[in-house]
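> Sequence lines, in order, name chains A and B.
No gaps in the numbering here: position 161 of the first sequence is 161 in this note's numbering, and each next residue is one more.
No gaps in the numbering here: position 127 of the second sequence is 127 in this note's numbering, and each next residue is one more.
Take these hints with a grain of salt, some might be off.
One copy or two, it doesn't matter: identical chains are merged, so the pair holds either way.
[Said to hold, decoys possible] Straight line, CA to CA, 25 Å or less: simulated DMTMM-like cross-link-like pairs of lysine to aspartate or glutamate: (1) Lys129 <-> Asp61; (2) Lys136 <-> Asp76; (3) Lys136 <-> Asp114; (4) Lys136 <-> Glu60; (5) Lys129 <-> Glu96; (6) Lys129 <-> Glu60; (7) Lys136 <-> Glu43; (8) Lys129 <-> Asp84; (9) Lys129 <-> Asp76; (10) Lys129 <-> Asp114; (11) Lys129 <-> Asp68; (12) Lys136 <-> Asp79; (13) Lys136 <-> Asp181; (14) Lys129 <-> Asp105; (15) Lys129 <-> Glu43; (16) Lys136 <-> Asp40; (17) Lys136 <-> Glu19.
Since the hints were made in silico from the structure, they are not lab data.
2 protein chains.
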Amino acid sequence: MSAAPVGTREIGRHAVRAELARVAFNRFCLTGFNQVTFADLAEAAGVSRSTFLRYFGTKEDVVLFVFDPVGDVIADALDADRVDEDDWSRLRNALESAATFLVRDVQHLVTILDLVDQTPALCARLREKQTEWRPKIVARLRETASPADGSPVIANVRAAAALECLWIVLGQWSASGGQEDLGNLLDAAFAAFSPPARQQTAAPL
Amino acid sequence: MSAAPVGTREIGRHAVRAELARVAFNRFCLTGFNQVTFADLAEAAGVSRSTFLRYFGTKEDVVLFVFDPVGDVIADALDADRVDEDDWSRLRNALESAATFLVRDVQHLVTILDLVDQTPALCARLREKQTEWRPKIVARLRETASPADGSPVIANVRAAAALECLWIVLGQWSASGGQEDLGNLLDAAFAAFSPPARQQTAAPL
DNA sequence: CATAACCTGATACTCAGTGTCAGTCGCGAC
DNA sequence: GTCGCGACTGACACTGAGTATCAGGTTATG
Numbered sequence: 001m002s003a004a005p006v007g008t009r010e011i012g013r014h015a016v017r018a019e020l021a022r023v024a025f026n027r028f029c030l031t032g033f034n035q036v037t038f039a040d041l042a043e044a045a046g047v048s049r050s051t052f053l054r055y056f057g058t059k060e061d062v063v064l065f066v067f068d069p070v071g072d073v074i075a076d077a078l079d080a081d082r083v084d085e086d087d088w089s090r091l092r093n094a095l096e097s098a099a100t101f102l103v104r105d106v107q108h109l110v111t112i113l114d115l116v117d118q119t120p121a122l123c124a125r126l127r128e129k130q131t132e133w134r135p136k137i138v139a140r141l142r143e144t145a146s147p148a149d150g151s152p153v154i155a156n157v158r159a160a161a162a163l164e165c166l167w168i169v170l171g172q173w174s175a176s177g178g179q180e181d182l183g184n185l186l187d188a189a190f191a192a193f194s195p196p197a198r199q200q201t202a203a204p205l
Numbered sequence: 001m002s003a004a005p006v007g008t009r010e011i012g013r014h015a016v017r018a019e020l021a022r023v024a025f026n027r028f029c030l031t032g033f034n035q036v037t038f039a040d041l042a043e044a045a046g047v048s049r050s051t052f053l054r055y056f057g058t059k060e061d062v063v064l065f066v067f068d069p070v071g072d073v074i075a076d077a078l079d080a081d082r083v084d085e086d087d088w089s090r091l092r093n094a095l096e097s098a099a100t101f102l103v104r105d106v107q108h109l110v111t112i113l114d115l116v117d118q119t120p121a122l123c124a125r126l127r128e129k130q131t132e133w134r135p136k137i138v139a140r141l142r143e144t145a146s147p148a149d150g151s152p153v154i155a156n157v158r159a160a161a162a163l164e165c166l167w168i169v170l171g172q173w174s175a176s177g178g179q180e181d182l183g184n185l186l187d188a189a190f191a192a193f194s195p196p197a198r199q200q201t202a203a204p205l
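Generate coordinates for the entire structure from the input sequences, incorporating the hints supplied.
Quick look at the structure:
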């Protein structure tokens with residue numbers, strides 16, 4: 001899944017990166033993302049500013065690098081699930097894979113998500129990452145699309161909509177302190193697409 | 001629609017802003033967004049760097065301020081269209097209003113959109129603006145939502161999906177040089193939601 | 001051991017964005 | 001008219017992100 005480091009150098013580098021991120025994250029939560037500078041982080045972690053910057057290209061990445069594998073997780077899940085399902089079902093399941101991947105330490109993820117949506121810069125960067133994932137997802141969808149879907153617009157819209165669902169659902173989940181069930185939340189979100197869409201008359205549920 | 005300036009000062013300020021943006025935009029198209037600095041822009045426009053920065057808080061805004069009214073345009077269109085329509089139809093119509101608002105000078109809009117998706121920073125900022133529009137749209141949807149929709153998740157998902165449609169459609173439209181019909185493109189995009197979603201068997205169209 | 005690759009800290013640099021300050025202009029009140 | 005007030009401007013200084021370079025130390029490998 002996450003490319004296993006081969007050399008000892010890779011291992012070390014990975015470990016240092018994790019430690020730097022850990023220290024930095026505490027600072028962010030304590031003082032606020034914008035208030036903390038790279039100089040602060042470097043001092044807190046006991047390395048030089050140069051070194052810190054070598055591990056994380058931007059301040060946003062210090063927080064958001066944990067989301068990097070999500071795009072591949074979703075794409076892989078789509079591949080594993082091409083059995084007789086329609087796009088929406090496959091996307092829903094793939095999103096559940098992504099959610100499962102992210103939720104290891106519930107408390108930690110909740111804290112991250114809180115920090116993210118308190119911080120416009122983090123929101124923006126995370127949305128940017130999502131957009132980077134989309135082409136890969138679109139490609140997987142189109143592999144099995146009916147020939148009638150000549151234009152890539154349909155697949156793009158569905159992929160984009162699904163990614164929005166993931167984000168909205170995670171926001172809701174984190175607002176509940178990680179109590180609610182992600183599967184149920186995903187179902188609730190995808191219900192926005194499935195019904196015949198006439199909302200005026202209350203649908204008998 | 002766009003709040004009419006009342007005082008002479010407002011008029012002047014607005015005109016200066018437009019002129020600065022015009023000069024700057026040429027520079028961006030010529031040299032590339034990232035290559036141009038505020039100092040360059042100020043010199044090209046014949047004002048000081050300070051003054052230029054007083055008119056535009058960020059370099060991104062110099063390009064993207066034209067999109068600012070779109071959120072209100074969509075919200076207003078939703079209000080004017082609450083007659084007996086389901087959410088998706090209302091959203092589709094509202095998006096067409098937004099598109100109509102944006103397409104005054106076809107060539108200019110195409111140029112802007114090209115510049116935007118050549119420039120990650122502009123993409124990110126535009127997506128940020130979209131997210132700012134969403135709450136207002138959600139509120140309008142929920143005003144007429146059936147009581148069965150207790151959770152705001154449904155409305156959020158639909159608003160987010162619709163905004164993604166707008167962006168995808170504009171991308172497609174701009175790729176065609178502004179030739180294709182935006183109404184048709186919107187229909188094609190919204191088709192991603194309507195069919196029973198089973199994509200394996202080619203739907204007889 | 002030797003060498004090549006890598007990591008680190010130091011330093012210098014560009015540029016976005018913020019804030020301050022003094023001078024200027026337009027405009028209404030007196 | 002002129003006085004004062006508010007807004008606009010340019011000049012300057014400053015913080016902080018991100019890039020680039022360099023010398024010296026460390027580690028893997030032959």
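> For every hint, state whether the structure bears it out.
We went through each hint and held it up to the structure:
no.: 1; hint: Lys129 <-> Asp61; in the structure: both (10 Å within a copy, 21 Å between copies)
no.: 2; hint: Lys136 <-> Asp76; in the structure: within (10 Å within a copy, 36 Å between copies)
no.: 3; hint: Lys136 <-> Asp114; in the structure: between (28 Å within a copy, 22 Å between copies)
no.: 4; hint: Lys136 <-> Glu60; in the structure: within (23 Å within a copy, 27 Å between copies)
no.: 5; hint: Lys129 <-> Glu96; in the structure: within (18 Å within a copy, 28 Å between copies)
no.: 6; hint: Lys129 <-> Glu60; in the structure: both (11 Å within a copy, 19 Å between copies)
no.: 7; hint: Lys136 <-> Glu43; in the structure: neither (39 Å within a copy, 43 Å between copies)
no.: 8; hint: Lys129 <-> Asp84; in the structure: neither (30 Å within a copy, 38 Å between copies)
no.: 9; hint: Lys129 <-> Asp76; in the structure: within (17 Å within a copy, 31 Å between copies)
no.: 10; hint: Lys129 <-> Asp114; in the structure: both (18 Å within a copy, 20 Å between copies)
no.: 11; hint: Lys129 <-> Asp68; in the structure: both (8 Å within a copy, 23 Å between copies)
no.: 12; hint: Lys136 <-> Asp79; in the structure: within (11 Å within a copy, 37 Å between copies)
no.: 13; hint: Lys136 <-> Asp181; in the structure: neither (27 Å within a copy, 28 Å between copies)
no.: 14; hint: Lys129 <-> Asp105; in the structure: within (22 Å within a copy, 32 Å between copies)
no.: 15; hint: Lys129 <-> Glu43; in the structure: neither (29 Å within a copy, 35 Å between copies)
no.: 16; hint: Lys136 <-> Asp40; in the structure: neither (37 Å within a copy, 38 Å between copies)
no.: 17; hint: Lys136 <-> Glu19; in the structure: neither (31 Å within a copy, 41 Å between copies)
Checked against the numbered hints listed earlier, the structure breaks hints 7, 8, 13, 15, 16, 17; every other hint is satisfied.
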